[in-house]
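Sequence order for the protein chains is A and B. With the first letter of the first sequence counted as 1, position 417 gets the number 417 in this note's numbering; the numbers rise by one all the way through. With the first letter of the second sequence counted as 1, position 124 gets the number 124 in this note's numbering; the numbers rise by one all the way through.
Any given hint could be a false lead.
[As the list claims (entries may be wrong)] DSS-like cross-link-like pairs, simulated, lysine-lysine; straight-line CA separation at most 27 Å:
1. B:Lys23 <-> A:Lys131
2. A:Lys329 <-> A:Lys452
3. B:Lys23 <-> A:Lys89
Read the hints as simulated data drawn from the structure, not as lab findings.
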Amino acid sequence: MSNEFNKGRRKFIKSAFTVASALAIAKVAPTWAVPQGRSFKDQVLTNDEIDLTIAKSPLLVGNKVGTPITINGQMPGPLIRLKEGQRAKLNVTNRLSEDTSIHWHGIILPENMDGVPGVSFEGIKPGRTFKYRYDVEQNGTYWYHSHSGLQEQLGHLGPLVIEPKDGDIGADREHTIILSDWTFEDPDEVFRNLKVAEGYYNYQKRTIFETFEDVRQQGLEKTWKQREMWGQMRMSPRDIADVTGSTYTYLMNGRDSQMNWSALFKPGEKVRLRIINGSAMSFFDVRIPGLEMTVVAADGQPVKPVPVDEFRIGVAETYDVIVQPKQNKPYTIYAESFDRSGYVRGTLTPELGLEAEVPELRQVPERGMAAMGMGAMAMSGDMKGNSMNMKHMGGNNSHMTHKMTHKKELPVENIKIKHRESGHGAGAAMIATNPVSRLHEPGIGLEDVDHKVLVYTDLVGAHEWPDTRDPERQIELHLTGNMERYMWSFDGQKFTEVDGPVQFHHGERLRLVMVNDTMMDHPIHLHGMWMELENGQYPRPRKHTISLKPSEKVSLLITADAPGSWAFHCHLLYHMKAGMFRVVNVA
Amino acid sequence: MYGKSLLVGAALLPGLAVAGHAKEDWPEPVKEYYTGQVLFDRLELTRTNEEENLAVWDVMAWYGGDYHRVVFKSEGENVQDDGEPTDLESAELLYGYLVSPFWSFQAGVGTRGSLSSNASMENYAVVSFMGLAPYWFEMDNSLMVNEEGDVQFVSETEYEWQLTQTSYLQPRIEFTANLTDSDKYERQSGLSNLRVGLRYRHEISREFAPYIGVYWNGALGNTADEMKRMGEDTTETGVVLGARVWF
Chain A
1 MSNEFNKGRR
11 KFIKSAFTVA
21 SALAIAKVAP
31 TWAVPQGRSF
41 KDQVLTNDEI
51 DLTIAKSPLL
61 VGNKVGTPIT
71 INGQMPGPLI
81 RLKEGQRAKL
91 NVTNRLSEDT
101 SIHWHGIILP
111 ENMDGVPGVS
121 FEGIKPGRTF
131 KYRYDVEQNG
141 TYWYHSHSGL
151 QEQLGHLGPL
161 VIEPKDGDIG
171 ADREHTIILS
181 DWTFEDPDEV
191 FRNLKVAEGY
201 YNYQKRTIFE
211 TFEDVRQQGL
221 EKTWKQREMW
231 GQMRMSPRDI
241 ADVTGSTYTY
251 LMNGRDSQMN
261 WSALFKPGEK
271 VRLRIINGSA
281 MSFFDVRIPG
291 LEMTVVAADG
301 QPVKPVPVDE
311 FRIGVAETYD
321 VIVQPKQNKP
331 YTIYAESFDR
341 SGYVRGTLTP
351 ELGLEAEVPE
361 LRQVPERGMA
371 AMGMGAMAMS
381 GDMKGNSMNM
391 KHMGGNNSHM
401 THKMTHKKEL
411 PVENIKIKHR
421 ESGHGAGAAM
431 IATNPVSRLH
441 EPGIGLEDVD
451 HKVLVYTDLV
461 GAHEWPDTRD
471 PERQIELHLT
481 GNMERYMWSF
491 DGQKFTEVDG
501 PVQFHHGERL
511 RLVMVNDTMM
521 DHPIHLHGMW
531 MELENGQYPR
541 PRKHTISLKP
551 SEKVSLLITA
561 DAPGSWAFHC
571 HLLYHMKAGM
581 FRVVNVA
Chain B
1 MYGKSLLVGA
11 ALLPGLAVAG
21 HAKEDWPEPV
31 KEYYTGQVLF
41 DRLELTRTNE
51 EENLAVWDVM
61 AWYGGDYHRV
71 VFKSEGENVQ
81 DDGEPTDLES
91 AELLYGYLVS
101 PFWSFQAGVG
111 TRGSLSSNAS
121 MENYAVVSFM
131 GLAPYWFEMD
141 NSLMVNEEGD
151 VQFVSETEYE
161 WQLTQTSYLQ
171 PRIEFTANLT
181 DSDKYERQSG
191 LSNLRVGLRY
201 RHEISREFAP
211 YIGVYWNGAL
221 GNTADEMKRM
231 GEDTTETGVV
241 LGARVWF
């Protein structure tokens, strides 16, 4: 089988050398993202020892010149390909005028190699080189990025692929796709705008005319009931993404939709797409109209194949999908921001220069009752003394109620969660009064699509994980926030307000219960250790980043086998910056 | 067990035997964030029904973190071409603390009066509750006590109807109540003044939004009686042209 791969590979290398224009493009975008397509053994940075230079350099982003942070002259950085079992030797040189760092996202390694300034090391000073050394004991699709300030927003990120020991990628060809969000604004300015002017980037708010239209269609009483809760909470059902397409240019492998990143295939081939969401703030809904995708890995870890038509990828998550285009025609790879404020497309094509139809952006979604933790109440009819009449509210969650009655019961559903009696203080604008598991829901804006969308409950680990113990201990954390002042925290306390780390006992098996007491989706990332998602499947899927929907509760099993201090945070960059960050100490 | 794992940890991580302790010179992974803003909620020219032209400002500036802020607020007006000095309605310096998700409590000192060299200013202490009430009513309620012990309450409320993504219709209501009579400043106790305005605002950018609007201003209660006795008009209307600006 591997011989066949090699043959195919040779052919493609040959064609690569004959396409001069493609090489020209390579100068403004990562060389690994050239559109010739590469078979799996074409490696870019794969030397035994890899040197990475971090600098700021002017670069064409879309049709305008920006000044991103480049890695070896590229934004995003080069594709680093390592092999399971090797020792990674990565020398990172800082040519910026400020400290920098690289965190190897999803890689299990010693704490002093994790690359978080202030937690794992002191950072890399200007002019200095830090030598990362660790044994690579896993394989799959991962990525790397700066953990210093807001550098990630400037493109300080890149893909990291680890080949399995046996070299079998389960496909004839592979392409790596890293999605990112670029702004020509200074990231510090973006953060300040969020801090001082709530809704600064939201140009999809409800207008008074939409409310008039609702009154006309469904009457005053029902409209009032729908608006009433949001008014009382002083929150917007259209508050989906904090930073939107109003400032972002969405990029696929560093190219915008106009530049149309293209990936080659031959009809009938099995193509593995390694899709990474390297955005600072953007969740994407990914689909390839006309092609079924089979999800085979989540966060780099193999799962039992799930055929889907679309999947939502939270910030920092990765999914590997296999597609098998049979026809000799181009297909659009479409990644739509989940607030529908923009998209980026690329093309999967049998030859260069072709493109397929690009779908329209779908309608701006609006959060319903489930976001307020009312989904379960509506289902069970348990009003808990609440005078509001559920029948009149949240018109679009009836399908949800229906689905919920059919799913199996998860451990988290029997876990009673606790809120502090005082709520969570001024830093938390809401508490989810009745949080529920929402793992079976595709997420906002995807509830009513007429094709199969991946949900977390579809994920089944490809095999058992080493630790099969039941949890000995439970830790509960609440995701909290206050949109008005753009405060984000755990349990109402920003990182700067907590006294010490979250303590894990070395060797213990833990259950982490998280409750999302906010109106936003949050991708929560634990460094250094896997989180097994208790989604009712066995083997459980394991993840490095788990997205929580508003008013959702989830439970995860963790083996605290990595001594030292580890970052634990929301991977929305500005949420982390605002304080949604903790240090976990394993000792 | 605990000691053993520490030892193992130390052996695994040479050079970091005191992991978690040798970090004094390391930067904080996440720092407290401080910023500030200057917001001219109203910066406008007014034409009254008396055919007077006024320049009016209503500004708030703050600096600080999420909980603690230093706040400066000022309002005032200048009647154009009347040769009179500018009327400083208020200039306040306050300390603000976020007491609940949507409300901050502020306390400080203020001064007001005619900005001429020989006029004496009225100095006062002030406490405010400022924030966002349910249904998005933006409010600022202040209680002031001057050196004479006169107590005054001022409440301002604004609301916004979103017309498009960049335009708004904004009603505004402000009333003043004197809790005590003041001979020195000629104030009569009771509800003394009500001002109602409506403006249409269009954002050129989030930071710069010109507007046009109208207002009605009326004296009430004892204050109105007193004005009538003096033969003055108790109501005033006007049109305004201005901009909401922040940086």
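Here is what the structure says about each hint:
1. B:Lys23 <-> A:Lys131: holds, 19 Å
2. A:Lys329 <-> A:Lys452: holds, 23 Å
3. B:Lys23 <-> A:Lys89: Distance ~25 Å between B:Lys23 and A:Lys89 Cα, so the pair holds.
Checked against the numbered hints above, the structure breaks none of them.
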